[in-house]
Amino acid sequence: MTADLQKWEFRDPMLVVMSRQQAAANRSCKGCAHAKTIETPFGDTITRCLKGKPYGKKCNRYEVADE
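Mapped onto numbering that gives the first Met the number 0, the consecutive letters of the sequence shown carry residue numbers 0 to 66.
To be clear, the hints were calculated from the coordinates, so they are not data collected in a lab. Each hint should be verified, as a subset may be incorrect.
[Said to hold, decoys possible] In the DSSO-like style, the derived pairs of lysine-lysine whose C-alpha atoms are separated by at most 30 Å in a straight line are:
#, residue 1, residue 2
1, Lys35, Lys50
2, Lys29, Lys56
3, Lys50, Lys29
4, Lys57, Lys6
5, Lys29, Lys57
6, Lys56, Lys6
7, Lys56, Lys35
8, Lys52, Lys29
9, Lys57, Lys35
The task is simple: from the sequences and hints, build the whole structure.
This is the structure:
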């Protein structure tokens, strides 16, 4: 892998990893009120979006779930 590093990636490697993990969490659907875990007839569990959007990428209909 020969990807060019961005300027901000030349700092402490631990901070770079933490920043990348936080950015990935900000782009995901985790914690959305419209996400629902469904059990299939075969025993598998699948997380689906109740708004019909593909699950896994945050969309403009994202709402924080009340817990």
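Mind checking the alpha carbons of Lys50 and Lys29 for me, to see if they're no more than 30 Å apart? holds, 15 Å
Below or equal to 30 Å on CA atoms is what counts here, so check Lys56 against Lys35. holds, 14 Å
CA of Lys56 to CA of Lys6, is that 30 Å or under? With a Cα-Cα distance of about 26 Å, the restraint between Lys56 and Lys6 holds, given a limit of 30 Å.
Has the given pair, Lys57 with Lys6, been kept, meaning a C-alpha gap of at most 30 Å? The given pair, whose Cα atoms are some 26 Å apart, holds under the 30 Å limit.
Given the hint that Lys52 pairs with Lys29, does the C-alpha gap stay at or below 30 Å? holds, 14 Å
Agreement of Lys57 and Lys35 with the hint, judged by alpha carbon distance not exceeding 30 Å: holds, 14 Å
Lys35 and Lys50 were given as a pair; does the straight-line alpha-carbon distance stay at or below 30 Å? holds, 10 Å
Need the status of pair Lys29, Lys56: alpha-carbon distance at most 30 Å? holds, 9 Å
Under the criterion that the straight-line Cα-Cα distance not exceed 30 Å, is the pair Lys29, Lys57 satisfied? Distance of about 8 Å is within 30 Å: holds.
When each numbered hint is compared with the structure, no violation occurs for any of them.
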